[in-house]
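If you read the sequences in order, they're chains A and B.
Residue numbering for the first sequence follows my numbering, starting at 1 and increasing by one per position.
Residue numbering for the second sequence follows my numbering, starting at 1001 and increasing by one per position.
Derived by calculation from the structure, the hints in this document are not laboratory data.
Some hints could be false.
To be verified - The calculated lysine to aspartate or glutamate pairs, modelled on EDC-like cross-linking and capped at a C-alpha distance of 20 Å, are:
{"no.": "1", "chain 1": "B", "residue 1": "K1084", "chain 2": "A", "residue 2": "D337"}
{"no.": "2", "chain 1": "B", "residue 1": "K1287", "chain 2": "A", "residue 2": "D131"}
{"no.": "3", "chain 1": "B", "residue 1": "K1257", "chain 2": "A", "residue 2": "E166"}
{"no.": "4", "chain 1": "A", "residue 1": "K334", "chain 2": "B", "residue 2": "E1253"}
{"no.": "5", "chain 1": "B", "residue 1": "K1167", "chain 2": "B", "residue 2": "E1253"}
{"no.": "6", "chain 1": "A", "residue 1": "K176", "chain 2": "A", "residue 2": "E93"}
{"no.": "7", "chain 1": "B", "residue 1": "K1088", "chain 2": "A", "residue 2": "E93"}
{"no.": "8", "chain 1": "B", "residue 1": "K1088", "chain 2": "A", "residue 2": "E166"}
{"no.": "9", "chain 1": "B", "residue 1": "K1084", "chain 2": "B", "residue 2": "D1187"}
{"no.": "10", "chain 1": "B", "residue 1": "K1088", "chain 2": "A", "residue 2": "D225"}
{"no.": "11", "chain 1": "B", "residue 1": "K1032", "chain 2": "A", "residue 2": "D131"}
{"no.": "12", "chain 1": "B", "residue 1": "K1280", "chain 2": "A", "residue 2": "D131"}
{"no.": "13", "chain 1": "B", "residue 1": "K1084", "chain 2": "B", "residue 2": "D1175"}
{"no.": "14", "chain 1": "B", "residue 1": "K1032", "chain 2": "B", "residue 2": "E1177"}
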Amino acid sequence: MEKTIRKIFDKKHISRTISYLVVIGGFVAVQLLMNTVGIKSLFRSLLVPTCCYIVAALSLNLVVGVSGELSLGHAGFMSVGAFTGIIICGVLEPYLALNWLRLLIAIILGGVAAAIVGLLISIPVLKLQGDYLAIVTLAFCQIIKSLLNNIYLGIDSNGLHFSFIENRVSLIPGGKMLLSGPMGATATTRLATFTAGFLLILLSLLIIYNLTYSRYGRTIMAARDNRIAAESVGIHIRNTKMLAFVISACLAGMSGALFGLNYSTLQPAKFDFNLSILILVYVVLGGLGNITGTIIATLILYALPELLRGLQDYRMLIYSIILIVIMLITNNRKLKDKTDALIADIKARLPKKGSAAHD
Amino acid sequence: MAFLSYLINGMGLGSVYAIIALGYTMVYGIAKMLNFAHGDVIMIGAYTAFYCLTLFKMSTFASIIIAIIVCTVLGILIERLAYKPLRKSSSLSVLITAIGVSYFLQNLAQILFGTDPKVFPELMKNSTFSLFDGQLTLSYKTLLTIIVCILIMIALTIFVNRTKTGKAMRACSQDKEAAQLMGINVDNTISITFALGSGLAAIASVLLCMTYSTFNPTLGSMPGIKAFTAAVFGGIGSIPGAFVGGLLLGIIETLTKAYLSTQLSDAIVFMVLIVVLLIKPSGLLGKKIHEKV
């Protein structure tokens, strides 16, 4: 017992404890607010997408931060997960009345589908390196988007009807279109809940922390830090990178499934290059390989444009300026020194509060 | 004959991609960064030319020159303000900054010019001419685009291979420190590269607007991604590579649209890219760099 407690708070694991505390604390705070004061509907509508983006960013961090490969096509995996989830839910609707069970199955199968796609993609992708690898992930994202834009799928009492490129699906009355090409899913039952999002974040934290602290995690990081040295001690680079890639795709698919089931209509074009970039920005600003940082960065950066909604047209402009300024401050030696000096200056002027506690 | 006309139309589209891809590839060759804002410089070029033509009633030639000047200055400004402070940091942070700049330009354009699509004035009558007893019909626009692209390629090759600045550019792309020891001003050389790439973007913007006739603040994003793909396709960092990659990409896109499927053309274009990269991992004309232990 004592050993377990010590393990939670020792130096090596403190960041993990903080991550869990941030997530659980956030969940409890929102629940309390919801049940006591009540929150605005705008804020309420942001809860599930925020959870989805956090999971997507965490999973991307596994590829970009832990495994060290730049992926520009993360939205593709979310898209696969989302539409798999929507289809599964649509198919199961007549047979399963339990909403949470349907959501669970949809999320799991969404993750499985994305993992399979991720595995197939990782075979060619991981043969390449650096910028070439990045452009191929981008290409795959575009391919997935263009294929999904052409899928027509409907369901009626005779079963599933499928057609490609042209809409040749004719349904008997009572049937329902699940996917209709560029229009995407048009009549999804909204199953996603904030609790599900919270549990999904916990699950991804569990998976990512257990992976990075395990033998496999160490091999992945070794392959990232020095490919040649890692190879020379017998680490199979492709397989270790593939492991990270597939797990990341699986988590992204799960987040996508939850995301897809949060809206009654969803178009494949939603999961475009811009979304991949947006998630990448969360990861980079949160700190590569830093899990807590990723969560906080996603919270702030996703909330920021929404909170700036009062400024309407200017919010994305302000967002982009903040992005550039943060990158310059954190990455340029001179600017960083200046800001550090400024912060130290402000700290020195503030009355010392913490000094007593330190003694 | 239909095939030949598709081929030439594809070359027209490919020429535009090639001109944009040159901007990507030159900057990559020298600064080792993916300049994501390049597509948005194209968009700014289009708006500049548009307002010069309609609001100030300038001649076509003057408008294009002003667009080139504006884009060149913009390119240098972006480089100095956003990329230069990050020259020594990781490539990923530079990439994110470039994305930030791209978002900034797009949103600025949305506020300044509005999101509604604008109709670009006709610079050239959409006249066609026939060859082989009317079996092959080609438009002058396509021909002009191809000729402009070839002229740019020739001029650029001479510039890079024969002039002192070109030599400095090549030296910087090989080894920045050694170039500095030889008395080359690396910062200025990088700025010149950005200026050149952005100037070419202005020409590309006018050619793009001539083909599509309407444009909006997101004009640059899709051609940007395609041209970037073209640059990688031909081997990023290589100037002839960008030319070959751009032309091939345009031809493949037009032929798939004509013979296979319009909706799937993007998917097929990217599929071809992946296949090429698997066979030749550093692009068609890219140099393979061996890793030394």
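### Query
Taking each numbered hint in turn, which are not upheld by the structure, reported in ascending numerical order?
Violated hints: 4, 5, 7, 8; rest satisfied.
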